[in-house]
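Trainee: Let's have the full structure, built from the sequences with the hints guiding it.
Each chain, written out:
Number of protein chains: 2
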Amino acid sequence: MLNVTLLGSGGGMPIPNRHLSTMVLNYKGRQILIDCGEGSQVAIRKNHSGFKSIDIICITHFHGDHIFGLPGLLSTMGNSGREKSITIIGPTGLKKIMKGLLSLVSYLPYDIKLVEISRSKLSLKIKSGILQVERNNNSRQADIILSTLELDHSSICLGYSFNISRNPKFHPEKAMALNIPKEYWSRLQSGKEVLYKDKIYKPNMVLGKERKGIKLSYITDTRPIKEIIDFIQESNLFICEGTYGDNEDIEKAEKNKHMTFKEAAELANNGNIKELLLTHFSTAMNNPELYKENASNIFKNTIIGCDGYNKVLTYE
Amino acid sequence: MLNVTLLGSGGGMPIPNRHLSTMVLNYKGRQILIDCGEGSQVAIRKNHSGFKSIDIICITHFHGDHIFGLPGLLSTMGNSGREKSITIIGPTGLKKIMKGLLSLVSYLPYDIKLVEISRSKLSLKIKSGILQVERNNNSRQADIILSTLELDHSSICLGYSFNISRNPKFHPEKAMALNIPKEYWSRLQSGKEVLYKDKIYKPNMVLGKERKGIKLSYITDTRPIKEIIDFIQESNLFICEGTYGDNEDIEKAEKNKHMTFKEAAELANNGNIKELLLTHFSTAMNNPELYKENASNIFKNTIIGCDGYNKVLTYE
Chain A
7 MLNVTLLGSG GGMPIPNRHL STMVLNYKGR QILIDCGEGS QVAIRKNHSG
57 FKSIDIICIT HFHGDHIFGL PGLLSTMGNS GREKSITIIG PTGLKKIMKG
107 LLSLVSYLPY DIKLVEISRS KLSLKIKSGI LQVERNNNSR QADIILSTLE
157 LDHSSICLGY SFNISRNPKF HPEKAMALNI PKEYWSRLQS GKEVLYKDKI
207 YKPNMVLGKE RKGIKLSYIT DTRPIKEIID FIQESNLFIC EGTYGDNEDI
257 EKAEKNKHMT FKEAAELANN GNIKELLLTH FSTAMNNPEL YKENASNIFK
307 NTIIGCDGYN KVLTYE
Chain B
7 MLNVTLLGSG GGMPIPNRHL STMVLNYKGR QILIDCGEGS QVAIRKNHSG
57 FKSIDIICIT HFHGDHIFGL PGLLSTMGNS GREKSITIIG PTGLKKIMKG
107 LLSLVSYLPY DIKLVEISRS KLSLKIKSGI LQVERNNNSR QADIILSTLE
157 LDHSSICLGY SFNISRNPKF HPEKAMALNI PKEYWSRLQS GKEVLYKDKI
207 YKPNMVLGKE RKGIKLSYIT DTRPIKEIID FIQESNLFIC EGTYGDNEDI
257 EKAEKNKHMT FKEAAELANN GNIKELLLTH FSTAMNNPEL YKENASNIFK
307 NTIIGCDGYN KVLTYE
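Protein chains in written order, with this note's numbering: chain A, 7 to 322; chain B, 7 to 322.
Any given hint could be a false lead.
Since copy identity is lost for identical chains, a pair holds within one copy or between any two.
[What the hints assert, rightly or not] Listed next, the in silico DSS-like pairs over lysine-lysine satisfying Cα-Cα at most 27 Å (straight line):
1. 261 - 58
2. 58 - 258
3. 205 - 215
4. 119 - 102
5. 180 - 215
6. 105 - 119
Calculated directly from the structure, the hints in this document are not laboratory data.
Mentor: Written out as structure tokens, the structure is:
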């Protein structure tokens, strides 16, 4: 189960009644934040999701509307009693940006681990009570597999996807027929072999077929490059920037390296995904709902994001 | 005339429905901002005071709730078409802090002049359409005299006062009686001597007595040191931190180097000021109005600040 909340839905600048595009994922009580524009900590307060359990912050890129909330958030997390380390993941340049940013913050009672990545996969696992990046990158035992994609924006920018795998169904009747004692069942269930009375039992002898997990993709800010289509394949939820609602704003979208609703819907349509959630709306667009048809005519299951939009993704 | 708006009234952290303590002064269409916590640019939008005419930003100290809004504000000012330079005034350390802060901002289409000060006076004057710090510090010709005071906080911190002087009344009947031609009247009015037909005419020959100007004082964050009493003398408006409303929070006030309402009112009472405006309320204080009597019992003309509180100060 993955609880997804869009804390803000705006791009460019924070405005009254619309926070900047920031998302929070809640997995087994631990939280991952994606981007942190100015005022994100206020949006977190409105959402009552709390500061203490934010373990990982993923940064898409270093434009102000995606990072200027970090000094305040990190300070507030310190004031909220955070002591365990947090991990900040972002594109190349993260360490330099964080150096400038942390020079503004007087004291933090926790460590910050910085992870610079490009196109790669990371295994996230709950260890010592917090969600961490696994060093050995053993995706088999990960709680969440995080993948990134390099996008096409006016600065280096990453798309993110989060995969929670699902174990195949365990068939106790098969285990009983093979006379495997119950104490070995959980080992087989977790995909490991068992040696019992000189005989090797393999997981596939007691497990059903592969089952689809949960996949969430987050793509902002970018032009609609074709690599996105592969990257978002089979997402339960595809969160995508739709900076411009009006199809006629295509020139602005091209110039500023953003997307129209129509372009985001075309990616969704080709990406074999279940639902499209649009966000990162231009400050000039007062009511994004007015342009919904520009997307839903192409991809029916389109949701126009709004601050506080919440969805729980479960196994099918 | 000086138009004063309290953009926010909170201290510590931004919370829903209360922006951080920030003030904006409007003098002849040009603006001075005092402090800039996270979200100040949103408060400016709510106030419809605009970004283009902010010429000077005064920083009291470098704690996050007073500066974390700067990267966003400076970026938004750039996006709003600001091209003329702006001046940022603050205590020693300003240049170092601004170096870290500006490393986060990609590009600004205007110059930033940094002025580090301690206990001093600066002359502000409208020149080339913007309010600037006068290099020669000629207070006689200044539009506004800015004074600072070193306060007693957990970090180096400055109090500010803004003085707009008022010219003495000009008496045309005296000028006529002395047969001074009209073309010289404005020169005498502005305090300069006139040489006419081998005779020197001095301003005091045609001007009335000194008249009180407008004085505004801004004191946050600090303990109530006695130097504040002299500094705020004869202020039309004394804006002062009142982090804690409850008298019983005096220990917290002492520990965190802040003030209770009562302590701020005692300063006001000794400072020969007209009105006290309290601000910088602790996030734990939901309704500061509940504690108003703790101040107004000591100093009657006490106003409990709120986001958007506006007052126009005029000559008496």
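Trainee: How do residue 205 and residue 215 come out at 27 Å by Cα distance, when the copy is not named: within, between, both, or neither?
Mentor: Classified as within: same-chain Cα gap 23 Å, cross-chain 110 Å, threshold 27 Å.
Trainee: At most 27 Å between C-alpha atoms: does residue 180 with residue 215 qualify within a copy, between copies, both, or neither?
Mentor: within (14 Å within a copy, 106 Å between copies)
Trainee: Check residue 261 against residue 58 for me: Cα-Cα at most 27 Å, and say if that holds within a copy, between copies, both or neither.
Mentor: So residue 261 and residue 58 pass the 27 Å test across copies only (25 Å; inside, 40 Å).
Trainee: Can you give me the call for residue 58 and residue 258, within, between, both or neither, at a CA distance of at most 27 Å?
Mentor: between (40 Å within a copy, 24 Å between copies)
Trainee: At 27 Å max between alpha carbons, let me know whether residue 119 reaches residue 102 within a copy, between copies, both or neither.
Mentor: So residue 119 and residue 102 pass the 27 Å test inside a copy (13 Å) and across (24 Å) alike.
Trainee: Is the C-alpha distance from residue 105 to residue 119 at most 27 Å within one copy, between copies, in both cases, or in neither?
Mentor: both (12 Å within a copy, 23 Å between copies)
Of the numbered hints listed earlier, not one is contradicted by the structure.
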